[in-house]
Each structure stands twice: as structure tokens, then as C-alpha cells.
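Trainee: The lines below spell out each chain.
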Amino acid sequence: MRAPSLPTTNLLRGWSMWQTQHQAAAVSSWKKLKARPLATFLTWLLVALSLGLPASLLLTLNNLSAVTAHFERPPQFSLLLTEATDLKGATQLKQTLEGWPGVASVELIPRDEALTQFSALTGLDALLDSLSRNPLPHTLLVAPRNAASDAESALLVQRLEGIEDVARVVLDTLWITRLEEGLRVASRWVLALGAMMLLATVLALGNTLRLTVIAREEEILVVRLIGGSMAYAWRPFLYTGLWYGLGGGVLGAMILWLFCGWLVGPVNALFVLYESQQRLQWPGMHYPLALLGVAVFLSWSTSWLACERHLRHLERH
Amino acid sequence: MIEFDRVSRRYGDQYALRNLNLAIDQGEMAFLTGHSGAGKSTVLKLLLLLDRPSGGEIRVNGDRITGLGGGAVARYRRRFGAVFQDHRLLFDRSVHDNVALPLEIAGFSPRDITRRVRAALDKVGLLGSERADPASLSGGEQQRVGIARAVVARPEFLIADEPTGNLDPQLSSEIMSLFEAFNQVGVTVLIATHDMPLICRLRHRIITLSSGSVVAGDAT
Chain A
5 MRAPSLPTTN LLRGWSMWQT QHQAAAVSSW KKLKARPLAT FLTWLLVALS
55 LGLPASLLLT LNNLSAVTAH FERPPQFSLL LTEATDLKGA TQLKQTLEGW
105 PGVASVELIP RDEALTQFSA LTGLDALLDS LSRNPLPHTL LVAPRNAASD
155 AESALLVQRL EGIEDVARVV LDTLWITRLE EGLRVASRWV LALGAMMLLA
205 TVLALGNTLR LTVIAREEEI LVVRLIGGSM AYAWRPFLYT GLWYGLGGGV
255 LGAMILWLFC GWLVGPVNAL FVLYESQQRL QWPGMHYPLA LLGVAVFLSW
305 STSWLACERH LRHLERH
Chain B
67 MIEFDRVSRR YGDQYALRNL NLAIDQGEMA FLTGHSGAGK STVLKLLLLL
117 DRPSGGEIRV NGDRITGLGG GAVARYRRRF GAVFQDHRLL FDRSVHDNVA
167 LPLEIAGFSP RDITRRVRAA LDKVGLLGSE RADPASLSGG EQQRVGIARA
217 VVARPEFLIA DEPTGNLDPQ LSSEIMSLFE AFNQVGVTVL IATHDMPLIC
267 RLRHRIITLS SGSVVAGDAT
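Residue numbers (the working numbering), protein chains in the order written: chain A, 5 to 321; chain B, 67 to 286.
Read the hints as simulated data drawn from the structure, not as lab findings.
Note that beta-carbon positions come from the ideal geometry of N, C-alpha and C, so glycine has one too.
It is possible that some hints are incorrect.
[Claimed, not checked] So, partial list: chain A residues that the calculated Cβ filter (under 8 Å) puts toward chain B:
1) 25
2) 26
3) 157
4) 221
5) 223
6) 226
7) 231
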């Protein structure tokens, strides 16, 4: 009678066999890549560049978004009053507006104060001194209530424009809104470009891996002939894909760091000139890790596809 | 025990095998012969599941193999050692690594692999060429590497397709002696060959095929 086999022993043996085979496939495919360093490096560069370019664009975009997020932007209207309105009229209008339900606060900037601020900001003292009279009107800064929706704001603007003493209503945040819309367009553009680059990577890698499979057709046939499973025959190619992805991902992350290193000086100098506290955001850990992840996933699944298409075909003949 | 039960293989309207009946006993050594196109290679291909019959049934130790698919095919093939006229060695790796391939597939540990590969190479007289590039070996030596690869995992069956096809009579005789040695330790051996002068000197069953049917030597 046969002794009953212990399932744990079988499991352990299966596990160690699986490990040995994977290790062997990983090492042998790595050695094959190492034997052709230039071709391997070029494939890494292909993966690195086609992922690094969209990643750098995305990083740039994130930097810009961070800048706009830092702008103080309580939605605020500047009411430029007519020439004819004097300080008394302006103060009266301020009090009236403060009573409006949609208005949170109103600040009056008298024309003289405005001129002082303007000359201090621009340094055009000499020019302004030469003017015979102050060209600036009195200004009211109107802050609507916080939760005001776009429609409510629009209605408020309409009502403000209707006031006799008001020459013009200027929405101070319009340019930020425009910039944000611009950034949204740019981010879509980056995503579309990124998708195209990814597709191009898959096609180029797919072709490289297909040629690898063709070059090793005899080996695959012999392996199948002496009882290697499909998984066994596929494994070296899947590992080749994995190495391409890992190498390309690491190289891509390095390119991203170089890109930032190259930009950091001028960009931060620009921030300083604009008196911003903002500094260039480095890729940190999550950018390189995401890039590596995408590279590995792409290369591995591309090699899987190449195997699926070519080895199945081989199997039928 | 290998049994072919009214097996046919048709390519278009040409029959490679027609209602072939054949039985090889456990531990037997037999030769499959006939002129080219008689169906020798087709029998071996069907046996290795490299091709499927158009009709009939093939049984190995009583189990129908014609229905096997997927992973079962790979496991089934590991019960066979196969030797080919063109050796089918891989020239991108050493003699040792060629012979080690079936053991790697079967999941042996690296230490066991080295030990068994050396034993197999010793049996075929090539222990000194372990690290050699197979391309640097002579035709007879390459064939012996092929045999070492076929027997290294101790298969139940050893099959060979024209193993002496490119060798001179002296080398051919040595190769056949090797097959006989493996048969003596219990391996069932089936060899397709048309080297009649050689096999007539050996006392084993000779199965003759003609136009896809057995015309002589079928014991059953």
C-alpha cells in the first residue's frame, strides 16, 4: 500500500519548483538582454522617453495649477464710479450697498488714496506728479456673500451696473478663471498626447518583442516538444517585457528628475520676481513610482500580447 | 504499453496513415521501418501529440491520449524522451544547459539538475564536453547530446526519428547500443529508421509500414 502523500509537502515542493523556474526564467532573460547592451538600452530609452514626455508635461501642468490655487481670490467686484461722483456720494453708495442682501462687505478707496497706491506700486511718481489732476475715480470694492453661485453673481453684476453713479463693474478674478480654463484645455491636451505616446510605446515594444519571439522560435518548439507547458515557454518573454519596463521606468524617472533639475533655477527665479512664495514642485516619490508602474504594466502586458498572438500561432503549426 | 487502434491521419484526400493497428509492450524495443512517406514520422508525431489523428484511438498504458489538451499535453510529453535526426539542440547554450532543459521543465532543483545531467552525459560518453558549445561537436556527438537530453529525466518511453540518419555505420552502431542499454533498464523504446542493414543485426521486433498501414511485424 502506498503511503498517503502529505498535501503540505506537495504544496511546498510545488512552491519551490515554481520559484526555481521563475528565477531561472528571470535570470536567463536578463542575461539575454545584457548580451545586447545597445539594443536593450535603446528599448529602455524608447519606454523612458515616451512615458517621460507626458509625465514632464503633467508635472508642469500641476505646477501651474498649484500657482493658480495660491492666488487669493475672494470673488470681488471693483466698482469704478463716474467722474461726477464725489467722496460724499461714494460714501452714501457704500452704505446703500452694504444693506443689500447679496453683499458681504464694501470697501471704499478714495481717488487720492488710489493714486498714492498706484504710484507706489508702479514707481511712476514723476509722471503722475506731472499730471494736472488725478485721473482715477473713487472705487468701491464689493465682496458678494461667500456662497454666491455664478448666476447670483451675474445678477449682482447686473444690478450694480444699473446704478447711476457706477461707470464700470470690473470682475477682478476674470483672468484667473480664464487661466484655469486654459489649464483645463492644456491638461486634456496632455492626456491625449500621453495616450498617443503610450499607444506608440505599445506598438514599438510589441514589434521588438515579436522579433524576440521569432528569433527564439526553435527554442520554444523544443521546449514544447519535451514537455514544457505554455506557461514555461512564455515565461522568458514575459520576464523580458518586465525587464524592459523596469529599465525604461527607472530611466524615465531619471529623465524626469533631470528635466526638473534643469528647470528649477529659472522657474524659482521667476517666482521670486513675482514675489510668490511658490517654488517648483519636484517629482517627489509618486511621479517616479507611477511612471515605473505604468512602464512595467505596459511592457509586461505588451509581451503577454506578443506571446498570445505569436506562440498560439506557432502552436497550431 | 502503446496501442494504435484503427488510427487514420488524412491530409486533404491523401492518407498518411490508414486504419493502423499497432501495439508496443511495456519494456519492449521495436523498430518502425518502411520507405519514406510510409507513415513512420506520422506515427511518432501522433504519439507525441504533435498532430492529432483523423480517426481511431491511441492509448498509452490504457489511457486514451487523443482527448488530452492544454497542460495535460505538456505533462503527457514529459513521459517521453524524444530523439530527432537533426538533434534539435539549442545552439545558444552549453551542452550541459541543453541536457538540463527537461529537468528544468520538470522543476528539479539546480543541485539535482547538475547531478543528473552529469550522469546522463557520462552514460553517452560526453562527460568532458559539459561546458562545450554544441555547435563545436561532431554530428555523432551532437546526436549523443540529444540522447542524453531525451533520457535525463528518466522517461517511460524513448522514441527516436531516424537517429542514425546522418551517421556512418560505426557511429550508428554505437548509437543503437546506447538505445539498447536504456531498454535494458526498462525503458520502452520505439525507433523509426530505414537503416535495414543495422537493425537486421539487432534482435528486436521490426514493424514495417507501407502506405500508412502495417505490412509486417505487428505482433497483435
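Trainee: Hint by hint, which ones does the structure fall short of?
Mentor: Hints 2, 3, 4 contradicted; others consistent.
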